[in-house]
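Taking the working numbering, the leading residue of the sequence shown gets 9, the next gets one more, and so forth.
Hints may be right or wrong, so weigh each one.
[What the hints assert, rightly or not] Listed next, the in silico DSSO-like pairs over lysine-lysine satisfying Cα-Cα at most 27 Å (straight line):
(1) Lys258 with Lys129
(2) Lys355 with Lys258
(3) Lys128 with Lys348
(4) Lys11 with Lys352
(5) Lys65 with Lys348
(6) Lys66 with Lys348
(7) Lys257 with Lys65
(8) Lys18 with Lys66
(9) Lys363 with Lys352
(10) Lys17 with Lys352
(11) Lys76 with Lys278
(12) Lys129 with Lys364
(13) Lys40 with Lys128
(14) Lys11 with Lys363
(15) Lys355 with Lys18
(16) Lys17 with Lys214
(17) Lys194 with Lys363
(18) Lys127 with Lys194
(19) Lys258 with Lys11
(20) Lys214 with Lys65
(21) Lys258 with Lys17
(22) Lys76 with Lys128
(23) Lys352 with Lys129
(24) Lys364 with Lys66
(25) Lys363 with Lys128
Please keep in mind that the hints were generated in silico from the structure rather than gathered at the bench.
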Amino acid sequence: MSKIINFVKKETILSISLILAVISSLFVIPNKNYLNYIDYRTILLLFTLMGITQGLKKLNVFNILGHKLLNRCHSINSLIFILWGLCFVFSMLITNDVALITFVPFSIVVLELLGDSYKKKWLIPTVVLQTIAANLGSMLTPIGNPQNLYLYEKSNHEFMDFLTLMLPYTIISLVLLVITTLLLTKNKNESTEELVLPLYEIPENKIYIIIYLILFILCIFSVLHFLSILVPLICTIFFIAFFDRDIFKKIDFSLLLTFVGFFIFVGNIKNISAFQNYVESIIDGQELIVSIISSQIISNVPAAILLSAFTDNIDLIILGTNIGGLGTLIASMASLISFKYIAKDNKENRIIFFKKFTVLNIMFLFILSVFAIIMN
9 MSKIINFVKK
19 ETILSISLIL
29 AVISSLFVIP
39 NKNYLNYIDY
49 RTILLLFTLM
59 GITQGLKKLN
69 VFNILGHKLL
79 NRCHSINSLI
89 FILWGLCFVF
99 SMLITNDVAL
109 ITFVPFSIVV
119 LELLGDSYKK
129 KWLIPTVVLQ
139 TIAANLGSML
149 TPIGNPQNLY
159 LYEKSNHEFM
169 DFLTLMLPYT
179 IISLVLLVIT
189 TLLLTKNKNE
199 STEELVLPLY
209 EIPENKIYII
219 IYLILFILCI
229 FSVLHFLSIL
239 VPLICTIFFI
249 AFFDRDIFKK
259 IDFSLLLTFV
269 GFFIFVGNIK
279 NISAFQNYVE
289 SIIDGQELIV
299 SIISSQIISN
309 VPAAILLSAF
319 TDNIDLIILG
329 TNIGGLGTLI
339 ASMASLISFK
349 YIAKDNKENR
359 IIFFKKFTVL
369 NIMFLFILSV
379 FAIIMN
């Protein structure tokens, strides 16, 4: 029993998705139509992208780039800008989750090298800004986060259409991050001239970097519908299986299963007319607000899968679930990654992090929500 409880604590969203799938199957008896519920293309794209990005992460590609940038900074102001800037930019390409998994531990090490006083003063503000930056930077591209990839496929948008939709909100987010950082570091611009950056391991098989980058390009071509997903999928599986097998252990299969669980749940409730009519009556004309609020409660990935099944206005679901990634700690599951790193580093910082995270997130959420409502 304790193992089950620990699993639910560790994989809460996955557990919810599986429970909902099972409960909904009591009303719609499992049949061959279940196979049509699942968006296989999205699942396979996510799997492929996760494998490629984990491969690049293992090769220290992102840490090497981070080091090169940090070598240019000489103050706490520029240090914080670079640390959240790395999350903001890379989340567009490697997803918000991987950006935080890569750069939050990196930031903890960097601030430790500056000394205890620096770390105590700047760690939590830096990681909070990194988390917000990762969640907001990732909204720009279809591959920035899981719900974008799913909604991009569902909307049948061209790539540039998606960028055009999200660009104004990304620019505003960047401006807000810059202003917030300037306010936090005002009159506190200590020098970091003596910072000695941590050593990183230079990959022996540099050819692997080239191969992973080629696989990433193939994956982008598939997202753009220039290639079948089978091309990057087969190539990635083949390369990892024969040359980098450890990567399979690093792929987030729980996220893929979460998608499957919610696909089954949504597919079933669409076949329950009373429930379908109820959801449609709530969401009709209120897609933006409902998706923002739903994300606060059930997280933005499940909200995207659920709500997109009951409306044709996918653009507002895209906006709502991306903006809705701000706010509560569970609004975007990526935020929990930062919380876990802070708790692991010092359990006493959990409450402080939660308070500062919530205050700043609500501020960003309010401003972006108001802008989105005015624009739509």
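Outcome of the hint check:
Taking the CA atoms of Lys258 and Lys129, the gap is about 33 Å. The hint is violated against a cut of 27 Å. For the hint linking Lys355 to Lys258, the alpha-carbon distance of about 25 Å falls within 27 Å, and the restraint holds. For the given pair, Lys128 sits about 17 Å from Lys348 by alpha-carbon distance, which is consistent with the 27 Å threshold. For the hint pairing Lys11 with Lys352, the CA-to-CA distance comes to about 21 Å; that is within 27 Å, so the pair holds.
A threshold of 27 Å between alpha carbons decides the hint, and for Lys65 with Lys348 the separation of about 19 Å falls inside it, so the pair holds. At most 27 Å may separate the alpha-carbon atoms for a hinted pair to count; Lys66 and Lys348 meet this at roughly 20 Å. The straight-line distance between the Cα atoms of Lys257 and Lys65 is roughly 13 Å, inside the 27 Å bound, and the hint therefore holds. For the proposed pair Lys18 and Lys66, the alpha carbon gap of about 24 Å is at most 27 Å, so the pair holds.
Between Lys363 and Lys352, the direct Cα distance comes to roughly 17 Å. Compliance with the 27 Å bound is thereby established for this hinted pair. A hinted pair counts as satisfied when its Cα atoms are at most 27 Å apart, and Lys17 with Lys352 qualifies at roughly 16 Å. Taking the CA atoms of Lys76 and Lys278, the gap is about 51 Å. The hint is violated against a cut of 27 Å. Distance check on the hinted pair: Lys129 and Lys364 sit about 13 Å apart at the alpha-carbon level, within 27 Å; holds.
With a CA separation close to 57 Å, the supplied pair Lys40 and Lys128 exceeds the 27 Å bound. Proposed proximity of Lys11 and Lys363 is contradicted: the alpha carbons are some 31 Å apart, above 27 Å. As the CA atoms of Lys355 and Lys18 are separated by approximately 17 Å, the hinted pair is consistent with the 27 Å bound. Between Lys17 and Lys214 the CA atoms are separated by roughly 39 Å; this puts the pair beyond 27 Å, and the hint is violated.
Distance restraint check for Lys194 and Lys363: the Cα-Cα separation of roughly 21 Å lies within the 27 Å cut-off, and the hinted pair is therefore satisfied. Restraint check for Lys127 and Lys194: the C-alpha separation of about 17 Å stays at or below 27 Å, so the hint holds. Taken as a hint, the Lys258 and Lys11 pair is honoured in the structure, with Cα atoms around 22 Å apart against an allowance of 27 Å. Pair hint Lys214 plus Lys65 holds up; C-alpha atoms about 13 Å apart against a cutoff of 27 Å.
In summary, the hint linking Lys258 to Lys17 is supported, as the alpha carbons are separated by about 20 Å, within the 27 Å threshold. A hinted pair counts as satisfied when its Cα atoms are at most 27 Å apart, and Lys76 with Lys128 qualifies at roughly 25 Å. Straight-line distance between C-alpha atoms of Lys352 and Lys129 comes to about 18 Å, which keeps the hinted pair within the 27 Å bound. Among the hinted pairs, Lys364 with Lys66 is inconsistent with the structure: their alpha-carbon atoms are about 31 Å apart, more than 27 Å.
For the proposed pair Lys363 and Lys128, the alpha carbon gap of about 16 Å is at most 27 Å, so the pair holds.
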